[in-house]
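Given next are the chains, with one letter for each unit.
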Amino acid sequence: MAKRVFRLFRGQGNTGQLVDYELECDEGMVVLDAVHRIQAEQAPDLACRWNCKAGKCGSCSAEINGKPRLMCMTRLSDYPPDRPITITPMKAFPLIKDLVTDVSWNYEVNRRLPEFKPRPPDFPDGSWRMYQYEVERAQEFRKCIECFLCQDVCHVLRTHRKHDEFIGPAFLTRAAAYETHPLDTNDRATYLKEQGGIGYCNITKCCTEVCPESIAITDNAIIPLKERVVDRHYDPLRAIVRLLKG
Amino acid sequence: MIEVQRHEHDVIVIGAGGAGLRAAIEASLQGCRVALICKSLLGKAHTVMAEGGAAAALGNVFPEDNWKVHFRDTMRGGKMHNNWRMAMIHAQEAPDRIRELEAWGALFDRTADGRINQRPFGGHTYSRLAHVGDRTGLEMIRVLQDKAVHCGVDVFMECTVIKLAVVDGKVCGALGYWRESGRFVLFRAHAVVLATGGIGKAWAITSNSWEYTGDGHALAYDAGAELIDMEFVQFHPTGMVWPPSVRGILVTEGVRGEGGVLLNNQGRRFMFDYMPEMYRGDFAETEEEADAWVTGDRKKNRRPPELLTRDVVSKAIVAEVKAGRGSPHGGVFLDIASKRDPEYIKKKLPSMYHQFKELAGVDITKEPMEVGPTVHYVMGGVKVDPETQAATVPGLFAAGEVAGGMHGANRLGGNSLSDLLVFGRRAGLGAAEYAKRQGRLPEIPQNLVNETVEWALAPFERSGGENPYQVQEDLRRTMQENCGIVRDQAGLEQALADLAKLKERAMRTGITGSREYNPGWHTCLDLHSQLTVAEMVVRSCMERKESRGAHTRFDYPDSDPNWERKEVVVRRDGDRMEVKVVPQPEIPEELMTIIKEGA
Ligand SMILES: Cc1cc2nc3c(=O)[nH]c(=O)nc-3n(C[C@H](O)[C@H](O)[C@H](O)COP(=O)(O)OP(=O)(O)OC[C@H]3O[C@@H](n4cnc5c(N)ncnc54)[C@H](O)[C@@H]3O)c2cc1C
Ligand code: SF4
Ligand code: SF4
Ligand code: FES
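Protein chains in written order, with the working numbering: chain V, 9 to 254; chain U, 3 to 601.
No lab work stands behind these hints: they were computed from the structure. Please note: incorrect hints may appear among the correct ones.
[As the list claims (entries may be wrong)] The calculated SDA-like cross-link candidates involving lysine to any residue, where the alpha carbons are at most 20 Å apart (straight line), are:
no. : chain 1 : residue 1 : chain 2 : residue 2
1   : U       : 349       : V       : 222
2   : U       : 368       : U       : 337
3   : V       : 75        : V       : 53
4   : U       : 359       : V       : 234
5   : U       : 349       : V       : 138
6   : V       : 151       : U       : 182
7   : V       : 151       : U       : 356
8   : V       : 201       : V       : 211
9   : U       : 368       : U       : 352
10  : V       : 125       : U       : 352
11  : U       : 359       : V       : 138
12  : U       : 349       : V       : 143
13  : U       : 317       : U       : 281
14  : V       : 75        : V       : 13
15  : V       : 151       : U       : 281
16  : U       : 348       : V       : 224
17  : V       : 170       : V       : 110
18  : V       : 125       : U       : 102
19  : V       : 151       : U       : 352
20  : V       : 151       : U       : 119
21  : U       : 348       : V       : 143
22  : U       : 348       : V       : 81
23  : V       : 99        : U       : 182
24  : V       : 125       : U       : 154
[Unchecked claim] Far from chain V, by Cβ distances over 12 Å, these chain U residues were calculated:
no. : residue
25  : 46
26  : 91
27  : 247
Please read all numbers here as calculations on a predicted model, not as lab measurements. Backbone N, C-alpha and C define an ideal beta-carbon position, used for all residues, glycine too.
Next up, chain U with everything else stripped away, as it sits in the complex:
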């Protein structure tokens, strides 16, 4: 028999980024025994990489900012597809969550009068992002990490969860393996919070790391939960494009927030040519006005068009490149050198300066950067209750990037870090309250454990099988080619056919070596999540026969009013993936008034 280590808690949180940490802290403050489990070392989750800042209507820079304006920006940025209640809660609670972070030790950059400073970002009417230079995520994760540790949360690092235990229709535990030893471990708990982040590693060009294999999405799916909006995958407009080995690494929107401009190879600031109807009148119409906004009066002048939402900017870049106006390596130019002096750039964007200098040999205080779109964020995810973050299966909760609804069809920059805090806390609270209502911990049947362990160890029996890295690479290639920024039916069908073949190959992957810290083996197991998630995305893309926000189709280039406020829901039905379309809850009248104001 296989030996399985066992632990018991009231609440387990899978994922130690901003959302998971905040959830664990809250559940612990509610008096629960909490386990926090993560694949990497503590403090290395994606949250650490976030650069630009966290959006919250603190009103420190623009006193006229308030939750209503933030709510309106979020809904319009999300193309009205957001879960309105989540967008509302988020806008209302974000300022408190940021102030709370300060009380726990975060040191944000300051305004002249000593408050938390706020920087402008795409799609936000006012300067709204609390930040620390361009390392906001690092500040956030360290503060939360220390708080969690001092709250007495039990941390299990380098431990990967591969299965949720469902007994009598309720989620009541999780099975994982230690990366170091390859041994298995079973966590029993009344409630499980998923905070596993995103799915970007299924594409060839991405800002995401090896962790973003969509495990949480797949775990929820396998457990029978509903997922929504999986067709909405955000391409960040500015990833590095050269040299090849750094392709996809993020260039923060903060560069544009600080005055950086996008140029084609003819030196034209092409974003002036791509103003969508919805935003006409909100943005500068001449370079003079845009420049005056950057360096001078932000109240009299309107924002530069480089700060349009990410879906708009990404598509504009693709169009420029297609028209032959791209940069030498297939991107466009992002120039801040001619707009700001070197000292300012190094002070406000130190890690960008460092990143280009070290990795591309480019001095951004002197030369323009070459940039192009990169897969960055998934708006879709586990369907949750806006108040408690409860998923559609009892005992399961989700927060952060793995949860869907908050960001609609397109996320605004800076809204993720605040989302993690607001809904991380609510998930922790929701899970704690749910856990307290439960009786004894249910027993997890041994066969459930055995089956999963057997499945997980199978690649060792198949030495000489498919190379897991090759399968992963082929998956990433087909998703990039056939399910990229612009999609069509033929491409999506091709992707689906490729996925079917890849699934077969994934079942034949083999691995040599021992169970101890064996990344080849880990990749074999990750493939299950990646393929599940890729299929959800492709099927959802096929279903939505229109273009909206981050989902663009060649064959249906316009938004279709019949698709307005309808969401695509994915759920497991035996071995079949069920896809259906359901209407979203109606937006209350008074909120519609807020959204329409100033539009």
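Chain V on its own, in the form it takes in the complex:
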């Protein structure tokens, strides 16, 4: 393969600019390989995160030509060879340096989410019986690798910066994982409405589009949660209207 140009964001705190790096590329390379090669050959202090290099850990999130993606799962061959590939950090979180952002807010949100509380065991040996069809729904949400790409794309966080009032699609997905857990008895409806800000979501589905795990975040997680919240905090007037309409 020939040379390609990579346009990387370099900077810290409030300052930074796009810098071009020209690089010899090989067959099959992904964007993360290119970043590593730039690190090894041209910019040893270039900051990026990665671990598994196989789409399993959710460390290498960034924006490639403006789209939130995992760098390790994005092949160079998907982009025209004669145009630069632009790599920038996620926008929804404060910048630390280069491609690395401060995602600690997500960990805070996760800690506040009402935790898993199982029903008492079904058997004296402390075990439960659950069937595959029962666990499958929750398993979809448990595929989440915490890449935070959905958080990055969601306009409530990205544009409106409602980090204090909205937990974002990733943690609505996590809440759905608990709520659909066959053993869970905890109640998150009030939390989701009052602290979770689920009402902010206006179902644009942008989060679903970027999820590398193909979780149907909006349809399978958020909408059913919204329904649950509405059922719980139901509004008597609306209920009467509904009743009259039959």
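We have chain V already, so just place chain U with the ligands on it with the hints.
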């Protein structure tokens, strides 16, 4: 003077994979103030990548399974080199640890009658691996992560420990730096648990990430602890081989567990030709029988030879490639497309399907994969007491991949995830009990801190020095070439000579830029661990003049009875690496009977 942030705890745990998390939870449940420190973000440790499952004799699929059979499989897979007591504890306690994980929220795949399902894996007599599709590690780490956070463990992420503090012969703290700011931080504690994982990043072809620089092994060594079995490095038989940028990325053994077969370029299922004496009679002898086992009766038929232990399969692949029967890119073929229908494959192996599709442009439901051996796991590690996981230096404990002994000369797939839970818990317990017996926290002398900080900052004074990435690459190349699957004296001597030169170069590495999130600088510091660990491996390989399990020598191709139940121990003696051979504790009679049963 350099500013150093300070923290005090009863127990600190270095590493937030399965072992570290489980240790932190246990110490916290015992009432200790616990710090959990990790190099990456929480939840990104290697444990998250584990695919196949966790081995535990739950007996849900085969009621005849029990700890004795699991123990026997582990000992035979480890070529009888395992610490028998650890193998026994592991087999006995793994089922409880798995059930406990379920109580904390894990959702394993189910059997038809609603119990935890179990899948077959190499070297396990019965279907034994509790799993969630091929993302078992993700399930495990999330559950443990949430449990730890809700237990009140203090988490310090993206913080790298570079030195253990030893005062009056006891480990009583650790010095690290924040990756984000480059500032230093000192943790004081009564007990330190190492749970830093493995060392695979010292080889060119590996399934391991940047974190696997063997820091825990090196920290223990520097603190004067003994390490054992460092010659036993596991090559997983199936890593990706093409395209070059994904070389080494793991293809789970689950593919073979679900019926995938290994073929050479003549279409032969060559594993039938590599049956070791020890396992003769345990495995299918014809393709018909093997296929019947996969799709039909697992009780009447024997397992396919693709499920032989990893050391055997890796060596078979190397032999096939050497004989000119390999695939176009120097591996062999792994085919599941002709054995299972597309829907089944996508359901049971979704991330493998995804991985090949995205990274190699291969549809595994239609075409075979190309695979070859990749450095995966280190059996060797810190020598520990089987009950408490205490290392040979007081105050220090170790669990998970960084600890040695449990897996002997070769680890069985699935035995690591269960090991993390069983011994993570025991390490947490051991450390908590030890911590409670201590008085006041010892003061850590300032010069100890200053010396380390000075050493760590030196690369900034050497701008224009050696490129750390280049040194790392050269290290990985020499280890791959000279300390690979098959070793010999000349190669090992070459490796040792190369390491000496690399050490000098590592002392000259320089770095530009600031201390903030500077991976070049981090690599300079990682090199110290990597070079220490590489030397331990090479010296241990030289010492063991025989072949056993994962350690194979051209010049000593057979197992030598004189080497049976003897372990190579490495320890720091001033600036010298001391290597000695000591006998292992004898296996009690009644356990020998268990091992021999059905053999
Ligand atoms: C791709 C892949 C698939 C696997 N599949 C399976 C499987 O199916 N079944 C199975 O049983 N095993 C499997 N294994 C092996 C198993 O996953 C690992 O052996 C196991 O997860 C190691 O766990 P651990 O807790 O010891 O360490 P890890 O999970 O690796 O965690 C190490 C921790 O230590 C931290 N750390 C390291 N150095 C420092 C330092 N200097 N300062 C601070 N923190 C530090 C890291 O940040 C990390 O948090 C697989 C391994 C890989 C790579
Ligand atoms: S669907 Fe809701 S959560 Fe998802 S991106 Fe749109 S607004 Fe955000
Ligand atoms: S839901 Fe999907 S996009 Fe969001 S964090 Fe999880 S894996 Fe990433
Ligand atoms: S490095 Fe793990 S998802 Fe990209």
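Is the Cα-Cα distance between residue 348/U and residue 143/V 20 Å or less?
holds, 18 Å
What's the verdict on residue 349/U and residue 138/V, does the C-alpha distance respect the 20 Å limit or exceed it?
Distance of about 19 Å is within 20 Å: holds.
Between residue 151/V and residue 356/U, is the straight-line Cα distance small enough, at 20 Å or below?
Holds, at about 13 Å.
Run the distance test for residue 125/V versus residue 102/U: straight-line Cα separation, threshold 20 Å.
With Cα atoms ~13 Å apart, residue 125/V and residue 102/U stay inside 20 Å; holds.
Does residue 224/V lie within 20 Å of residue 348/U when you go C-alpha to C-alpha?
holds, 17 Å
Proposed proximity, residue 53/V with residue 75/V (alpha carbon, max 20 Å):
violated, 24 Å
Residue 201/V and residue 211/V: Cα distance at most 20 Å?
holds, 15 Å
Decide if the proposed pair is consistent with the structure: residue 359/U and residue 234/V, CA atoms, cutoff 20 Å inclusive.
The hint is violated at about 35 Å.
Pair hint outcome, residue 368/U versus residue 337/U [Cα-Cα no greater than 20 Å]:
holds, 9 Å
Run the distance test for residue 151/V versus residue 119/U: straight-line Cα separation, threshold 20 Å.
Satisfied, since the Cα-Cα distance of roughly 18 Å is no more than 20 Å.
Pair hint outcome, residue 75/V versus residue 13/V [Cα-Cα no greater than 20 Å]:
Holds, at roughly 18 Å.
Straight-line Cα separation of residue 348/U and residue 81/V no greater than 20 Å?
Answer holds: residue 348/U to residue 81/V is near 18 Å, not above 20 Å.
Of the numbered hints listed earlier, those contradicted by the structure are 3, 4, 6, 10, 11, 15, 25 and 27.
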